[in-house]
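Just so you know, the sequences run in chain order A and B. First residue of the first sequence? That's 1 in full-length UniProt numbering, and the numbers climb one at a time after it. First residue of the second sequence? That's 1 in full-length UniProt numbering, and the numbers climb one at a time after it.
The set of hints was computed from the structure by calculation and includes no laboratory data. Hints should not be assumed to be uniformly reliable.
Stated by the list, open to error - Straight-line alpha carbon distances no greater than 20 Å define the calculated SDA-like cross-link-like pairs of lysine to any residue that follow: (1) B:LYS80 / A:ALA100; (2) B:LYS80 / B:GLU99; (3) B:LYS70 / B:ASN14; (4) B:LYS33 / A:ALA16; (5) A:LYS102 / B:ILE103; (6) A:LYS102 / B:SER93; (7) A:LYS102 / B:HIS73; (8) A:LYS102 / B:ALA12; (9) A:LYS15 / B:GLU23; (10) B:LYS33 / A:GLU118; (11) B:LYS16 / B:GLN31; (12) B:LYS33 / A:LEU107; (13) B:LYS33 / A:ASP56; (14) B:LYS33 / A:LYS102; (15) A:LYS102 / B:LYS16; (16) B:LYS89 / A:GLU118; (17) A:LYS102 / B:LYS2; (18) B:LYS2 / A:ILE21; (19) B:LYS70 / A:GLU105; (20) A:LYS102 / B:ILE94; (21) B:LYS89 / A:GLY96; (22) B:LYS2 / A:GLU105; (23) B:LYS70 / B:SER93.
Please read these numbers as outputs of a predicted model, since none were measured by experiment.
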Amino acid sequence: MSSKNDSIEMSVPAKAEYIGILRLTASGIANRVGYSYDVIEDIKVSMAEACTNVVDHAYKDGSGDIKVKFDLCNDYLQIQVSDEGTEKKTLAKSNGPVDANKPIEELQEGGLGLFLIETLMDEVEITQDNGVTITMKKFVQRDEVAQGADGVETTANN
Amino acid sequence: MKLDLRTEDMKAANAKKLYVAGEIDAYTAPQLKEALSQLTSRDQGITVVDLEGVDYIDSTGLGIFVGALKDTHSHEGQFKIVSLNSRVKRLFSITGLDEVMDIDEKEGANQ
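Just chain A, same shape as in the assembly:
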C-alpha cells in the first residue's frame, strides 16, 4: 500500500442524517487500506456507533459538530471521533452483551453501541477533556489483506 501515515479530517454537523456520510467515508477509507469485506463492515458499524454517541449525548442544545480524524498507518487504521460538548456526562455506558437470563421487561434498549465498538475494534480509548474523544484502532492482518484482494479464493493452487 502506498499511502503511509496519511491523515484525513472531516467535520460534519452532529445530526443523525450525516452519520451515513461518515459511515460511507469510513468504508471507502477502510477499503483503500485493504481490509477484508467483513472487517470493513465492522469498521463501518464502529464509526456509526461513535458518531451516534455524539449525536445523542454531546450537545444538549442540538448544535455542534462531529469531528473525525482518520490516520492511515503502516499496520493499522486509527479513527478518532470527537465532540466539543461541554455536558459533564456525555458518554453512554457500555452495556452488553445482553443477559438472556433477565426477564424481557428488564432488557435495556440502549448502551450497546460502546460495547459493539469495543468488540469490533482492536484498541479503543475514550478520553474526556472539553468533549469526549473515542480513539479506535484496527490493525491490518497481512494475510487477510491478500485474501481480500484475491476475493474468496483460498485453494487457487489446486
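Chain A is already provided as a structure; the job is to place chain B on it using the hints.
Then chain B, alone, in the frame of chain A:
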C-alpha cells in the same frame, strides 16, 4: 435514504409481517420504530419482521427491536425476526440478542 417499509397480513390470525429494506441507523430508526409499534402494540398480536432487504444495522436498530420485543411481551404477543443476512445476524449474536429473541435466518414460513 429512507427505509422501505411494507406491512402484510399473514395467514395466521392476528399475524402481520413487516418487510424492511434499507439501512437501519440513527437516522432511519425512528421510521422503523413507528411502523413496528403499530404492530407490537396489538393485544396478543403476532409480529414477524423480514430483514431480507436490510444490509446494515447498528445498535440504534438493535435497540428498536429490543423495544419491540418488550412491547410485544407486555401485550402477550409473539415477535420474530426472519431472513437476516449473515452480517445483520452477526450483530444480533455479538450482542447476545439472538438468545432472547426468536430469530430465523431463513425465510419465515406462513407466507
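Each hint, compared with the structure:
1. Restraint check: the Cα-Cα separation between B:LYS80 and A:ALA100 comes to about 16 Å, which is no more than 20 Å; the hinted pair holds.
2. The hinted pair formed by B:LYS80 and B:GLU99 meets the criterion: a straight-line CA distance of about 12 Å does not exceed 20 Å.
3. Straight-line distance between C-alpha atoms of B:LYS70 and B:ASN14 comes to about 18 Å, which keeps the hinted pair within the 20 Å bound.
4. With a C-alpha separation of about 15 Å, the suggested pairing of B:LYS33 with A:ALA16 holds against the 20 Å cut-off.
5. In summary, the hint linking A:LYS102 to B:ILE103 is supported, as the alpha carbons are separated by about 18 Å, within the 20 Å threshold.
6. As the CA atoms of A:LYS102 and B:SER93 are separated by approximately 17 Å, the hinted pair is consistent with the 20 Å bound.
7. Restraint check for A:LYS102 and B:HIS73: the C-alpha separation of about 13 Å stays at or below 20 Å, so the hint holds.
8. At most 20 Å may separate the alpha-carbon atoms for a hinted pair to count; A:LYS102 and B:ALA12 exceed this at roughly 30 Å.
9. A distance of roughly 17 Å separates the Cα atoms of A:LYS15 and B:GLU23; the hinted pair therefore holds under the 20 Å criterion.
10. Pair hint B:LYS33 plus A:GLU118 does not hold up; C-alpha atoms about 26 Å apart against a cutoff of 20 Å.
11. Of the supplied pair hints, the one linking B:LYS16 and B:GLN31 holds, its CA atoms being roughly 18 Å apart against a limit of 20 Å.
12. As the CA atoms of B:LYS33 and A:LEU107 are separated by approximately 17 Å, the hinted pair is consistent with the 20 Å bound.
13. This hinted pair checks out: B:LYS33 and A:ASP56 have alpha carbons roughly 17 Å apart, not beyond 20 Å.
14. Of the supplied pair hints, the one linking B:LYS33 and A:LYS102 is violated, its CA atoms being roughly 23 Å apart against a limit of 20 Å.
15. Among the hinted pairs, A:LYS102 with B:LYS16 is inconsistent with the structure: their alpha-carbon atoms are about 27 Å apart, more than 20 Å.
16. Straight-line distance between C-alpha atoms of B:LYS89 and A:GLU118 comes to about 18 Å, which keeps the hinted pair within the 20 Å bound.
17. Distance hint between A:LYS102 and B:LYS2 is unfulfilled; the C-alpha atoms sit about 34 Å from each other, more than 20 Å.
18. The straight-line distance between the Cα atoms of B:LYS2 and A:ILE21 is roughly 14 Å, inside the 20 Å bound, and the hint therefore holds.
19. Using a Cα cut-off of 20 Å, the hinted pair B:LYS70 and A:GLU105 holds, with the two alpha carbons roughly 6 Å apart.
20. For the given pair, A:LYS102 sits about 17 Å from B:ILE94 by alpha-carbon distance, which is consistent with the 20 Å threshold.
21. Of the supplied pair hints, the one linking B:LYS89 and A:GLY96 holds, its CA atoms being roughly 16 Å apart against a limit of 20 Å.
22. With a CA separation close to 30 Å, the supplied pair B:LYS2 and A:GLU105 exceeds the 20 Å bound.
23. Annotation: proposed proximity of B:LYS70 to B:SER93 holds, straight-line Cα distance about 19 Å (limit 20 Å).
Hints 8, 10, 14, 15, 17, 22, counting from the list given before, are not met by this structure.
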